[in-house]
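Colleague: Those protein sequence lines, which keep their order, are chains D and Z. Residues 1 to 331 in this note's numbering are what the first sequence lists, from first letter to last. Residues 1 to 331 in this note's numbering are what the second sequence lists, from first letter to last.
Just so you know, the hints here were simulated from the structure itself, not pulled from any lab data. Nothing false has been slipped in among the hints.
Copies of one chain are not kept apart here, so a pair can be met inside one copy or by any two copies together.
Below, computed lysine to aspartate or glutamate pairings styled on DMTMM-like, alpha-carbon distance capped at 20 Å:
1. Lys-101 x Glu-137
2. Lys-18 x Asp-239
3. Lys-187 x Asp-268
Number of protein chains: 2
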Amino acid sequence: MNYSGPTVFELGEIAALKLAVKNFRKVETTLVGSGDDAAVVAVTDGRFVVTTDTMVESHDFRTEFSTGYDLGFKAVASNVADVAAMGAKPIALVVAMVIPKNTTQMWLEDFARGLQAGCDELAPECEIVGGDLAAGEQIVIAVSAHGHLAGANPVLRSGAQVGDNVALAGTLGRAACGLDLLLHQDKSLAKAYDEWVAVQLRPTPPIQLGIQAAGHANSMLDVSDSLALDCNRLANASDVSIELDRSKLEGYAAVLELAAQSLSARDDLARDPMDWVLYGGEDHSLLATFPQGSEIPRGFKVIGSVVKRGAVPVSLGGSVLEPRGWDSVSS
Amino acid sequence: MNYSGPTVFELGEIAALKLAVKNFRKVETTLVGSGDDAAVVAVTDGRFVVTTDTMVESHDFRTEFSTGYDLGFKAVASNVADVAAMGAKPIALVVAMVIPKNTTQMWLEDFARGLQAGCDELAPECEIVGGDLAAGEQIVIAVSAHGHLAGANPVLRSGAQVGDNVALAGTLGRAACGLDLLLHQDKSLAKAYDEWVAVQLRPTPPIQLGIQAAGHANSMLDVSDSLALDCNRLANASDVSIELDRSKLEGYAAVLELAAQSLSARDDLARDPMDWVLYGGEDHSLLATFPQGSEIPRGFKVIGSVVKRGAVPVSLGGSVLEPRGWDSVSS
Numbered sequence: 001m002n003y004s005g006p007t008v009f010e011l012g013e014i015a016a017l018k019l020a021v022k023n024f025r026k027v028e029t030t031l032v033g034s035g036d037d038a039a040v041v042a043v044t045d046g047r048f049v050v051t052t053d054t055m056v057e058s059h060d061f062r063t064e065f066s067t068g069y070d071l072g073f074k075a076v077a078s079n080v081a082d083v084a085a086m087g088a089k090p091i092a093l094v095v096a097m098v099i100p101k102n103t104t105q106m107w108l109e110d111f112a113r114g115l116q117a118g119c120d121e122l123a124p125e126c127e128i129v130g131g132d133l134a135a136g137e138q139i140v141i142a143v144s145a146h147g148h149l150a151g152a153n154p155v156l157r158s159g160a161q162v163g164d165n166v167a168l169a170g171t172l173g174r175a176a177c178g179l180d181l182l183l184h185q186d187k188s189l190a191k192a193y194d195e196w197v198a199v200q201l202r203p204t205p206p207i208q209l210g211i212q213a214a215g216h217a218n219s220m221l222d223v224s225d226s227l228a229l230d231c232n233r234l235a236n237a238s239d240v241s242i243e244l245d246r247s248k249l250e251g252y253a254a255v256l257e258l259a260a261q262s263l264s265a266r267d268d269l270a271r272d273p274m275d276w277v278l279y280g281g282e283d284h285s286l287l288a289t290f291p292q293g294s295e296i297p298r299g300f301k302v303i304g305s306v307v308k309r310g311a312v313p314v315s316l317g318g319s320v321l322e323p324r325g326w327d328s329v330s331s
Numbered sequence: 001m002n003y004s005g006p007t008v009f010e011l012g013e014i015a016a017l018k019l020a021v022k023n024f025r026k027v028e029t030t031l032v033g034s035g036d037d038a039a040v041v042a043v044t045d046g047r048f049v050v051t052t053d054t055m056v057e058s059h060d061f062r063t064e065f066s067t068g069y070d071l072g073f074k075a076v077a078s079n080v081a082d083v084a085a086m087g088a089k090p091i092a093l094v095v096a097m098v099i100p101k102n103t104t105q106m107w108l109e110d111f112a113r114g115l116q117a118g119c120d121e122l123a124p125e126c127e128i129v130g131g132d133l134a135a136g137e138q139i140v141i142a143v144s145a146h147g148h149l150a151g152a153n154p155v156l157r158s159g160a161q162v163g164d165n166v167a168l169a170g171t172l173g174r175a176a177c178g179l180d181l182l183l184h185q186d187k188s189l190a191k192a193y194d195e196w197v198a199v200q201l202r203p204t205p206p207i208q209l210g211i212q213a214a215g216h217a218n219s220m221l222d223v224s225d226s227l228a229l230d231c232n233r234l235a236n237a238s239d240v241s242i243e244l245d246r247s248k249l250e251g252y253a254a255v256l257e258l259a260a261q262s263l264s265a266r267d268d269l270a271r272d273p274m275d276w277v278l279y280g281g282e283d284h285s286l287l288a289t290f291p292q293g294s295e296i297p298r299g300f301k302v303i304g305s306v307v308k309r310g311a312v313p314v315s316l317g318g319s320v321l322e323p324r325g326w327d328s329v330s331s
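The shape of chain D in the complex, shown without the other chains:
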């Protein structure tokens, strides 16, 4: 998308924000919306869930690949996934932004539309209730997301019990595959496999399944950095070990096989799509454990089981699954 017209800087912060905020839809839980020193949000059970996450230009995204709309959508997706991973319903976001001085108002409004579209599609009862805009060298998007547990206990990553089924809702490896497609010099590949590129640019985590898992799952977390890394985190937090079933993961890899072959045909580098599935991040799927014999919400797929803590926190088909993946600072 080509952005043109006046910059946010030319319009001034207040005027620019007023125009952007027009894209936001109000929800019932917002008692005082944006425009004052702070917003006020209702959480009738007397508790709120809060998480924050940051996206930085050049490190987490590139404006040559992501439109403003894409970035708004992704900022919502990655944050509401963390709320849903507690078993809570996302109800309110605040968005702090740093933008370079040459950022156009058109870009800012496209970003705002992406934020609202992310809420509409993933968390329709969630409102952008506040924000802040500052000038800087590169785009930074820092979202804080808030949720309501509606009386349920929060689902922690430390609650897994020996005997639990390990289950996953959402996709695996697609966002990482999409990133490799985007980064490849043959730009036709990203067009050919635009479905995987779309997961990278606008992930759609299974928010409703996270909310449904509250009261059922013993533990849950958002797979943002990689299945391998986040399984290790869950195992360590719960002081258990996890055995993953390779046969249950093969389906995630199979759909990416053709893209892997096309990439490899262009540059003679061998690619195993299972690497995307195990070590790729940013699908923002939900990893949960459910008590043996209990009902598992439709949409979660069993991929392994929880066993007594052993020397190996996470194994896959009998081999150690190293905690490799995305580290936001050292990557």
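Put chain Z on the given structure of chain D with help from the hints.
Modeller: For chain Z alone, kept in the frame of chain D given last:
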């Protein structure tokens, strides 16, 4: 302060954060603290207040003037002031940070100590319940702050009534004076007037007075950008006009007179300390209006009155007070 030793990048995000988080003290309202996908915080009246604010290196601060500790303290101060300006008690913060790759662990821990010191001094019932760390070109600190209204109505900027007394809690002009001292090439000046420099580096807004004003003030806001700008905002939001009494503001200027003279003696530029008082930002004082005849909490000083909306939103001694001050994007 000189920072040395390993970088955050060398230690890795997780290890670096673990060390930094050790500086944080727990409070009673935190049901689930940092370390999971999200935190859970109790707000027994079923509502929470939320605001977000960003500080950007080179634009909002310079590391040659501000230590990590200073920045942590200021990030807390500026955010809890917005919570208090609603009449709410600050109870939880999340801190999203972008740091350059060469940032040392020592700096990060100094920053964390500053965050905790800000809570200890300004909002002792507030905990840093979560955060995020990302790599980027310049330091960005995005804090979201949360408060509890404890059954009170939020105090909006739109509630001022004709006849209200306009009152101020906190200082005016000191942070702006401190900035001019820091920016002056004669570095001895910042040492001579270190009290004003301290307000710029580590502002101490009157948080408890904001909480006390709930149930008494008709309107309130945090004076972050300038008295002139924020008075205009309050007048416009409430559809009233404000008449400020110049004689009531002279005391704020008088204490800065000597610093103004010292600066002017060095560079022959005339300075009127009243400019700092009217147009300077970052003291994070609280501007409120109280019903005529009602008790005003000790610590608030009456500086003017609310009158029927006229052609001039804010006047000072009969003249128009233009909405000049700090705009975070265009400044």
